Amino acid sequence: MATSAAVSRAEGSKADRKARERSVVRAVLDSHEALLAVIIVVVGVVLTCTSRDFCAWPNLHAILLGMSAESIVAIGMTMLLVSGGFDLSVGSTMALTGVVTAMMLKTGAPVAVCVPIGLGVGAAVGLINGLVVAHVRINPFITTLGTMGIARGLVYVLNGDKTITGLGQSFTAIGQGSLTVDLCFVRFSVQYPIIAALILVVIFDLLLRRSKFFRQTYYIGGNEKAAFLCGIPVNRMKVFMFALTGLLAAVAGVITLARFGSTSVSMGVGLELKVITAVVIGGASLSGGAGTILGAFLGSLLMAIIADALTLLGVNPYWNNVVIGGALLTAVLIDTLNKRRKGQL
Amino acid sequence: MEDREQVPGPILGVEGIVKRFPGVLALDGVDFSLARGEIHALVGENGAGKSTLIHVLGGILQPDAGRIALDGAPARFESPRHAADLGISIVFQELTLAPNLSVAENVFFNRQPTLGLGIVDRRALYGRTEDALRSFGLEIDPRLPAKRLSVAMQQMVEILKALARGPRVLVLDEPTASLGAAETELLFEKIRTLRVSGCSVIYVSHHLSEIFRLADRVTVLRDGRRVDTLRACDSDEAKLASLMVGREVRDIYGARTTEIGEEVLRVEDVHKGKKVRGASFSVRAGEILGLAGLVGAGRTETGRAIFGADPLDSGRLVVRGKAVRVRSPAEAIRHRIAYMTEDRKEQGLFLKMTLRENCVAASLDCFRNALGMLQEKVISTHAETMCALFDIATPSVRQQVRNLSGGNQQKVLLTMWIGTQPLVLIVDEPTRGVDIGAKSEIYQLLRQSAARGIGIVLISSDLTEVLGMCDRILVMREGRIAGEFARGDATEEKIIACAAGVAPEAAA
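First to last, the sequence lines map onto chains Y and Z.
In this text, residue positions in the first sequence follow our numbering: the first is -12, and each later residue adds one.
In this text, residue positions in the second sequence follow our numbering: the first is 4, and each later residue adds one.
Here are some of the chain Z residues that sit facing chain Y, going by a computed Cβ distance under 8 Å:
#1 P332
#2 I336
#3 Y342
#4 T344
#5 L352
#6 K355
#7 A365
#8 D368
#9 R371
Derived pair list, reagent style DSS-like, types lysine-lysine, alpha-carbon separation capped at 27 Å:
#10 Z:K278 <-> Z:K497
#11 Z:K497 <-> Z:K242
#12 Y:K212 <-> Z:K278
#13 Z:K348 <-> Y:K212
In silico negatives: residues of chain Y with every beta carbon more than 12 Å from chain Z:
#14 A111
#15 R124
#16 Q156
#17 L166
#18 F175
#19 W306
Simulated from the structure, these hints should not be mistaken for laboratory data.
Nothing here was measured: the structure is a model prediction, and the numbers come from that model.
Yeah, the Cβ is synthetic: ideal placement off N, Cα and C, and Gly gets one too.
Next up, chain Z with everything else stripped away, as it sits in the complex (with noise of 0.2 Å):
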């Protein structure tokens, strides 16, 4: 990339931003600028503060401290309409056209062109759309509702619709997650088309590859600071990767304490729609193995599938030496397969209801009498004797699990599922959003568990604890197994380069 005459001043600056939430402090002290006509890419590992601060760029979240500075003169972005208004313009990775509206109405949504009294001029508001669409090589018929639209051609259009504001700043949050190489291709040419044109983009993206292809610059972020930024030339993927993770592993994770046992579970082969394609990979007794690879490569899909919560297209599950066929969770638990899912609040617990409840939920079968009735009292004492060996604060085992911090729930959701006495646990991202004492808590039950025998599958897309629990590393990647690394063998940045599909070769 060659090295571009910069306006002096930048367009947009912000200056040591603080932005605490309870419990967390996401954005320590962040200096960031963005020079006219830049394309700066702004990276780092989930939770390292990147969306918090487009947030704050985008006037969605207020700053504890620090200063904005947009063009040279101070700015406070007060609403996110206010942000627009001063030409910042953000595009989430979330969805948010209005489904049922025409790709037009949604591309100058609040902002369509009138005839006067209000009336919409449908003729201009088609034609000025199917321009913007041209311009982008896109034939889509600007009266189609856009929920006819692919998810792909949706967030083109999601683009659109942010460029249809004339921004001063674009802020795409990981434009491509959804994209196919071509259409990647045609945003990308769109992108450096913006930058002739004096508008200033924030790129943000987990895929190392597309930055040194695009940016100008790059932030790296870690734990809320800013680590370093450098010019795309004179960096590369390695150190990039280096700077993301560069923490030192604590050590929170302890140690294996027992024998790798026999396998447990064998996967052949397994496909479910696009996002699982053939993946195969077993696990042992006592064994904990690591799941790593980017969001999107079908790592908690592929764990769905084998417990059966997405029942698998093709492929075999072996337990213990014997094929089994799992079509449901049901089956799943009956053959000794636990999933712990990654969604504690939405798909995981029953936040209305008490402790002891969730405890039992996926084993309510061995807690009733022969007539079926359940037992109260063995459930409370089971309850309590969870609580007191996972150390779960909570006044009582009736106390409703909603008013239980977010590392106890994370806590009683193991429990519910060490209940069901399995031997697979499949454990997705289990701890994201805790803080890092209960974390630490919840490797020891893992080790703890592992050391029961239970052979343990751990999805993770935090590569600091892939590598200080894992006695073997998985790299997935587009739906199948891409790399495996053993436990002394693996490093943060061959697991980077192997999920992000750079220099297999390296990886293998």
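Extracted from the complex, chain Y is given alone in its bound form (with noise of 0.2 Å):
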């Protein structure tokens, strides 16, 4: 990203010569998605050119299964951040949906009536969250701090220092059974919860850039105010964006219990960090009105590859966060710098 910066810098300078090619560095600047596209690129040939192992399908395969949940959780994220919100929660969440699942599949009950179960427990936590919201109008921030402890705290209660294990095949295969994938001359193939985050992300993308009633949130993140004067439903759709955040940590944590086969109390602890940061880095502003949800996992891509080059590389993994932080405050440095550029205009 630094690059990026200085290379516009630098062409700023030479100001007469280089008009069209200007155009171009300014195009990708204005676009998120471009310009982290083209970052990762470059980040992925950078390390392809190091290291050996990066560009093995293996490798790939790992990246994209460990951030998998996480970019699900990232969808519900981008369209809260869109809106003026945001959930501390779902990373409790995720855990809670996992841990009731798990008990719910002790008692022998069939996998089609635990998953569903597991899936509202999410979007209860998600709907208490956005009814506090909305109306109590208790702040976002102080809600789900609330509620993140409160489903942290069940967790610990219902799972006990325990592991739960032994959820049956029929289970486990939503997280570890894989589809092949025949590509003319490359045969691969990708697991199951690759799959979902992909189909997800792909639906979510479009109808938040498309649909008339998620295109509403823009309006509501840009001023809310005004919005309710123009009779958008604001606070029917916080409660929905919230609840949906809700149901999507549960479907991640359900994913995530289906891939371990057993409970974790400390599955999900520090996702929503990890998940607020990529979708920053993805173009969506604290201040809401902005963000697509394509950023947010392209944002959630460029993490993991930095966390899987920190491994091939040989760097102790502690320096993962300081390396994750780093791209945050560069993320926003470019973001505010830009706006600058554009308000001088």
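Two chains, each in its own frame: build the complex with the hints.
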């Protein structure tokens, strides 16, 4: 990212010569997704050159699998940020869903019953968040900080210090099964969580971009009072967005539980910060009105690649958070500079 | 009011003050002098330059030209702090109390009595505040946090706070706007005693009747110029009113081109909170109905109640002969009632979004296909058509609205509401803060809309605008319709008299 900024500054100094190239740089700078895609490709090429393992399918598959839960949660988080809210409780909701689903499975109930109940728990947490934020008018930070604590606490209470395992083949297949793809010459298999994440990202990206219903979130985030006067059901939308985010966190929880085959009280710890970071890197603003799901997905991808690169390059994994924090600040910095530049025009 | 013996030399004098804002000449060579111990009223319409003048006197704005003399010596007020140190205290309409601090701490803000070493002497602080409160006849505990007081009480504390600095000049900006009759009486008494102690008062007010009960002299401002300064005893309300509005009505308003049709909206006995108390009126297709009145008369509140933004407590709405229930803006839009807010930046527009997105914000349902997807191309075409029709100056419909001029922004807001295809369009202060050119364009657009059969309710504090545009004018006072005037019958004097509640017989 820093490289691109430097490039654009150098271009600016040779103003009259490379006007056309500059307009390309500007277009890339103006579109977060394009900028991110360029950065991801650059990082990818550099990694391919420095490490033989990076570009191998098993490694790429591991990256995508690792970020699948995160990118599903990022869908909801993007919509919330666009409408001017956010949700800290997603990680705890994910864990609570996992524990409840596992406990249900242990009673011997069929998967087709347990999974909907688990998803219902997540949606319920989201619904509570939404009702409190929209109708009691407590701000999203405090509200979801509260439910984050409550849900995590319930995870400890329900799960205790044991680990629930032996969830049955028919359930774990959701997370461990895979689809083999034949592409002319190459044949590779993709694990279900990746497929689920990609399908959800594509569908919701399209909906948030194009559908009248989801498009209303941009108006709410842009100016809540004006949106209300325009007849947009602001409160109902807020409740729905929080409930949807809870539901998506629950989907991530079920998939993660199935993937690992056992509960973990620390499932999703720190997820909220990771996801918010990805969404902001993807172009959303904490002040609302901006952001796309594709951007958030690319943000998650960039962070996952960076984490992978650190491992491949043998860097102490504790540096991971430092790099991710740095990436967040860089993204916000570029965004701010961009806005200032536009403000001057 | 008896003629007062005046000490030679004014305490405060300004000469030829000029203040320019981008696109507006707010003060155009204003002279003003304040005698010792005088109560000097400052009157004028909205936008006449009253508040700019007191901002200059308070050191908040620096004049572009002109001289200020304090106590006969040239002075410059570099900052609000500096002006306060020189003995000028201003009480603004907006409350500035720290809500969580006690009344006493607010009154002695930054000037608390200390025991030395910067330790606040609480006993002296509360004792002195209690004395001050009592001298105003207020029984308030000085330890109470300011937020626990009513707005009227907070206003009184603001005034105490200003007085605690021992000012030589006290400026009061609409001090009675939030006060009841009893509190107003107390305040007037206090102001009169201040005069005895040698403090001079500049009193800004819309309420002409107050001025005659209080002021020694009155200065009338209009369009940034001083029109006249007269002794209160030589004047009357009618004279002041005509001085305030005296400008000629230029023909920027156009004329009605079509006949007025059937009734489209009837409002019956609408109540909402304390501000709207039984408003009834009706508007017909193609008619432009004016809603005049003082600030705080309940006009905006009535508009918002009809539109469902603050759903009405009781009353009936009848759209084209059918009673309708409106509990939210969405329902209002469905019943083809539109309301264009007075606060375009805070509540009207989506400033960071593009023109095309703003254009369709209130009518998204019209632009979706069977799958619920927005038809981007149709939206762009619609926005381009509206830009051409409304003559909106913009490089592209993908321009962010915040980059447009005030007049163009206002036109975008109008397209947003015309796009909902309303039967009734309530426009609240549609030309506030826009220059004269854009004003005249907005008037033409309202005319065109009326010609297409929309019934328009024009809420405006600009009387020339109301007189120039409206087929019929209603005057609101205290949440009710206090008078109705036909186009040919209305004059500014009559409307002001009716709005202020003086001589109601003459008004009716």
